[in-house]
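There are 4 protein chains.
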Amino acid sequence: MSQRRIRLGLIGGGFNSFIGVVHRVAAYMFEDYEIVGGAFDANYDECKRFAEHLELDVNRAYPDIDALIAAEKALPADQRIEAVSVLTPNFLHYPMAKKLIEAGFHVICEKPITITAAEAIELEQLVEKHKVVFALTHTYTGYPMARQMKQMIADGAIGKIQKVDAQYYQGWINPIIHDKAQRSTVWRLDPKKSGQSSCFGDIGVHAFNMIEYTTGIEVESVLADLDTMYDDNPLDVDGTALIRLKNGVKGLVRASQIATGEENNIQIAVYGDKGGLKWVQEDPTYLTYFQEGKPVQILKPGHPYNSEFAAESTKIAPGHPEGLFDAMGNIYKGAGLAIRKKPFKNGAFPTVRDGVRGMKFIEGVLESHKKGQVWVNIL
Amino acid sequence: MSQRRIRLGLIGGGFNSFIGVVHRVAAYMFEDYEIVGGAFDANYDECKRFAEHLELDVNRAYPDIDALIAAEKALPADQRIEAVSVLTPNFLHYPMAKKLIEAGFHVICEKPITITAAEAIELEQLVEKHKVVFALTHTYTGYPMARQMKQMIADGAIGKIQKVDAQYYQGWINPIIHDKAQRSTVWRLDPKKSGQSSCFGDIGVHAFNMIEYTTGIEVESVLADLDTMYDDNPLDVDGTALIRLKNGVKGLVRASQIATGEENNIQIAVYGDKGGLKWVQEDPTYLTYFQEGKPVQILKPGHPYNSEFAAESTKIAPGHPEGLFDAMGNIYKGAGLAIRKKPFKNGAFPTVRDGVRGMKFIEGVLESHKKGQVWVNIL
Amino acid sequence: MSQRRIRLGLIGGGFNSFIGVVHRVAAYMFEDYEIVGGAFDANYDECKRFAEHLELDVNRAYPDIDALIAAEKALPADQRIEAVSVLTPNFLHYPMAKKLIEAGFHVICEKPITITAAEAIELEQLVEKHKVVFALTHTYTGYPMARQMKQMIADGAIGKIQKVDAQYYQGWINPIIHDKAQRSTVWRLDPKKSGQSSCFGDIGVHAFNMIEYTTGIEVESVLADLDTMYDDNPLDVDGTALIRLKNGVKGLVRASQIATGEENNIQIAVYGDKGGLKWVQEDPTYLTYFQEGKPVQILKPGHPYNSEFAAESTKIAPGHPEGLFDAMGNIYKGAGLAIRKKPFKNGAFPTVRDGVRGMKFIEGVLESHKKGQVWVNIL
Amino acid sequence: MSQRRIRLGLIGGGFNSFIGVVHRVAAYMFEDYEIVGGAFDANYDECKRFAEHLELDVNRAYPDIDALIAAEKALPADQRIEAVSVLTPNFLHYPMAKKLIEAGFHVICEKPITITAAEAIELEQLVEKHKVVFALTHTYTGYPMARQMKQMIADGAIGKIQKVDAQYYQGWINPIIHDKAQRSTVWRLDPKKSGQSSCFGDIGVHAFNMIEYTTGIEVESVLADLDTMYDDNPLDVDGTALIRLKNGVKGLVRASQIATGEENNIQIAVYGDKGGLKWVQEDPTYLTYFQEGKPVQILKPGHPYNSEFAAESTKIAPGHPEGLFDAMGNIYKGAGLAIRKKPFKNGAFPTVRDGVRGMKFIEGVLESHKKGQVWVNIL
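Residue numbers (my numbering), protein chains in the order written: chain A, 2 to 380; chain B, 2 to 380; chain C, 2 to 380; chain D, 2 to 380.
It should be emphasised that the hints constitute simulated quantities derived from the structure, not laboratory data.
Heads up, some of the hints might be wrong.
For chains that are exact copies, the list does not tell them apart, and a pair is met inside one copy or across any two.
Claimed, not checked - Here are the computed lysine to any residue pairs in the SDA-like style, where the Cα-Cα straight-line distance is at most 20 Å:
#  : residue 1 : residue 2
1  : K279      : A119
2  : K371      : S222
3  : K343      : L55
4  : K161      : H179
5  : K130      : E32
6  : K342      : H54
7  : K279      : P296
8  : K275      : P296
9  : K343      : H131
10 : K49       : E283
11 : K295      : D233
12 : K275      : Q298
13 : K49       : E32
14 : K279      : W173
15 : K251      : E32
Full structure from sequences and hints, please.
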């Protein structure tokens, strides 16, 4: 049983999981986690079969989270699971994270953190109280050049921020939304499974997160116009949120699931009085840097001109692209440093605070829309 | 004196004009205009010197528009100036265009058409009454692939429109806006010279125009949040307008003059239930076409797969880029067809109607902002 | 009759000409030429009809070049055509240019300058003897960022050159070459009409020219492997030429007319010991600049950071693309300065010397290939 | 001890290895390998320390390959290392691979496979004789869109191939080559450590491999011009090889380590009589597809329109980029299928045959250059 590596458990992430592979590859990436057990599937037989697939001790394949907590707590401290990744359907994130935190486990949680902001705030308080590490997998913050952008803004490369614009456009829901039978059955549009929001809950919040992540400034208020496309569809599939940052800067968050043909087109642009920075997730190895009166600069990972933060988030020499799995790996790496009480950089992994901010944003957007596009404070 | 070619006069456009060269090159481009005179400069000596430079009959260099109208009206119909390009400062567009229309001249007018929507409506009525051609130089509509986009949408290539997003980001005002002395003197921020709006009046209206141009659908209402950056600056330099089209489709117009480092980054994206189309002015020879479940397509000018409208707007074989001057040439060409009463395609040149729409949009945006982000109908 | 403007005649360029429009737009662009006559078409009726179309004095529509020369020479010096653009089929460039030079006219000549290097050398000597201006329309040298590249290399921006790579890939001959009937009739593959070479004569020579233009260094020797695709096709449609510059630097010229799907994909990359520069014709407003250990820079036209040479070749502010017609306009502008004996920058227009170099390159490539890929000196 | 997973050993790849992390991440990626031991470092203490770092049984940290072979062969078949990754300096690939093959281990070998073609041929014969799997890590063949390109060509998407052009440009040696002290000490330019060739041995061979990989056609002969830059430098740092495929098609391989500013700019373009395909490693998620008379298509991973081969090489939905580590993971996955005697697609991993072809190419290039640019058969 590993002492150096963090002993990791998984809730969800079994054979039928799409996201499971991302977390496992990320956990393996820097050899600082060892998967030792989990409740991989609501079906216990499938759960055990998955444990066998991973060649784990099948005794540590648990029927549910309660069994996991009980059994692992009973193990000696040096064998027990230390951290748990929560990869379940959205509505289960909160109850499971809560139990895990209260039981003293570190948590790596898929997004959205909860269904309501109140729940997220509760988790934040629990994390504080139980002194565990809580990482929320806003994966895009793990890309080296997103981190370079954050660092450059912090270092004053663009001066005082004066405008922000973040976008997340997808088109995947287009073939579904126009078919009544499909749109009434897909879980993404079912409030019971997906929560209060589809488009902003799932992707708008990523664009929002990139604004707070790269600028380090909180969004104070929002005004949003959403679109559900059909009256029988309860959840937003498109919308725009005007925003105002704490320092008075204006900007916007644009999100869509009906931008037909778009894949995961998340982009962030931040302009200051000295320059501007733009980053596009689908071309993650390029960071565009504008400076007054100078040629545009294109920064790429692996060069000495990058910050230490970006350098630590890059495994290889310039010109060999790293992708989404590598970004997730960087987040696991950052959380691992925190778990092992080693020094880590600000932004090394998104925290429960990011979760609270995201949920407040989503609720603010929904409230603003419901009230007919009024400003809602989300601090 | 040309009979075939349209005899063209210019108001403004002399030695100190930046925009003059664009209009003259455009007028020459298809050999269907001949510049024969004008009031090129408020300084009459400079005006005559410019006429000499162009080797025109100096008798047709006029001290002002009234002299031009009087003298030209006195000439035989087959020698008289037929059309006049108005290239003066913004606040003079309306009075000069009005005089010209009332005197029976065709008008090619720089943007913005007027300072107020009421004036634009008046011009529209005058154009109707006097049966002249009025072309407004929304130059970007002259690019072949912008026209191809319009045609494809009309032909159903993306199905029913469900989302529109247009942007015009510049950064040029950034070094000016932060300096009190500069911002209080630049004409762009002087309401007397520039009109009611800087950012939306100058560039936001272009983005708006591209939406109505490519979709063929009018914007019904707007809700806008603008930014002046400083309290002593009366005009917007940045902002976002949420919009709703007549058919209920939602979208937005984003504009900025403080997006530091951006040049003329105007982009338009339109998504429908069958596909999507995107066009970016700084890379005007590429039109991106998304279709559900198919590889992305990149269309380029000069190919037989393009529409007749795009083909007519392209002078050369594929792979040899045409640019802004060529786009303006296409607008002159379209206006020339109308002047000569030859058949022309819908969209061959922007009309006084585009001017009315643009002014209503600008006033709607300003009203919405002033009232604290409320919806304003602009039909 | 213009005194300031250069009185221009055209040989060819009538209704059926593809290239005519490019030359006319270029001639109009800076208002320093006036088209006054020509032998626009081998068919005299068509020639006169074209003169009427341009509203010229039909007396100056000539049945052929001899008539043009005779009649114009008989006119007073201040009315006579000063410069003639030669836009005829390739095999007529040499005899017509020769007559014009000998008669004292300035010549603007389409490419290829001649059919043989010997003819080009003869023209060079005649130009010297008769002290006329001779401009060869290697149009790509007229783009602002190609000129910026030349200037930066001259100014040492990339240090000592150590590698050059130029490409011109097209695909247009693909549907023709595989059809025996078509390939035996197309004039491009007919040695009598097209000369000794198709691919290198038509486009390879452009790539070669960009090397000598941007580096300012002559190519000393070549080794080439060509492809005719079919035994019954006498002319190359594809090939690669290894080259060695005078200073020992190695490089290559790649050209193809069977790169199916390519349009006018001409690119030039030059690497030195301090940096590198790359330019791509189909995206002409971007110049990529590499420097050891620094972020990549993207230069664009219209900025103060560009050289005076690039600035003079740009008509408008940054972010409004200029294209091929504008590039040709710049060449006419440069030639106009020379004709008017005004100062002009090195590289302002390609000269008869470029023509000689190009023909030597083409003949060297053909000889190298014929002899089975041996090195051939082309100095 | 894993039964399902392949028990993997490593030669080299310890703390000081750059490439080690790529192999380990790749081995973990699909959970079909388990690293159980190795000779990670020539220094035995470091080797053991690395085993401890990976939390392996330190008894399986071996002082050298002979010890590894002896000890592992002594273990029961179900515990013994099954496959070994060879990550040592270049000159050790051959002797170590040879010993491993002869001892019955499967081998995953870094590039170059050997120092001479004769050695590669010997390995090929040994692989045949000992019936082991031999995977050569030509990593770029693991990218989904490189595989899609191979499959589309095989499926006739571009018709009959008529032109190939592959490039690998780097600039990293530029700051070294011009400094006599540095160039005489860097191992890449030391024939004893690096082999017969620097530029073509290290990267030109990748470009060559992409040609044979994507087209499925062997290169028959080569003619090359190389550049060593300095007389005291024995190895090429730049060069071009003209090539002829077995079917008569012509093309070229361009490679440079002095293309200052370039990173890992490997590109492959293949043109046929029906279309063309281009792929660029630094933007690996885009495959450009030209078809006669149709808009350009851009294919991206994760879409149903891709081949099964590309689909199997993609872990995630469209729009989330995968990179170099994922490409290496795909090669490990393919080799794993072969080791476990499961069906795998042609091209699922590069084999010893690719190694033989590569070494013949390198030797052919060197011979051609030495003899003054003559054609050399490499079949």
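Hints, one by one, checked against the model:
In the homo-oligomer, the alpha carbons of K279 and A119 never lie at most 20 Å apart, since the shortest distance is 33 Å inside one protomer and 40 Å across protomers. Proximity of K371 and S222 under a CA criterion of 20 Å is satisfied in both settings, with 15 Å inside one chain copy and 18 Å between copies. Taking the closest pair of Cα atoms, K343 and L55 come within 20 Å of each other only across two copies (19 Å); inside a single copy the shortest separation is 29 Å, beyond that limit. Taking the shortest Cα distances, K161 and H179 sit within 20 Å of each other only across copies (11 Å), while inside one copy they are farther apart (44 Å).
Taking the closest pair of Cα atoms, K130 and E32 never come within 20 Å of each other, the shortest separation being 29 Å inside a single copy and 37 Å across copies. Proximity of K342 to H54 under the C-alpha cut-off of 20 Å is restricted to the inter-copy arrangement: shortest distance 18 Å between copies versus 32 Å within a copy. With identical chains, the CA atoms of K279 and P296 are at most 20 Å apart both within one copy (15 Å) and between copies (15 Å). Taking the closest pair of Cα atoms, K275 and P296 come within 20 Å of each other both inside a single copy (14 Å) and across two copies (18 Å).
For the identical chains of this complex, K343 and H131 are intra-copy neighbours only, at 18 Å inside a copy versus 49 Å across copies, given an alpha-carbon limit of 20 Å. In this assembly of identical chains, K49 and E283 lie within 20 Å of each other by CA distance neither inside one copy nor across copies; the values are 37 Å within and 41 Å between. In this assembly of identical chains, K295 and D233 lie within 20 Å of each other by CA distance neither inside one copy nor across copies; the values are 52 Å within and 29 Å between. Taking the shortest Cα distances, K275 and Q298 sit within 20 Å of each other both inside one copy (14 Å) and across copies (17 Å).
Taking CA atoms no more than 20 Å apart as the test, K49 paired with E32 passes between copies only; the shortest distance there is 16 Å, against 24 Å inside one copy. When the C-alpha separation of K279 and W173 is checked against a cutoff of 20 Å, the pair qualifies only between copies, where the shortest distance is 17 Å, while the shortest distance within a copy is 25 Å. With identical chains, the CA atoms of K251 and E32 are never at most 20 Å apart, being 42 Å at best within one copy and 46 Å at best between copies.
Taken one by one, the earlier hints fail for this structure at numbers 1, 5, 10, 11, 15, listed in ascending order.
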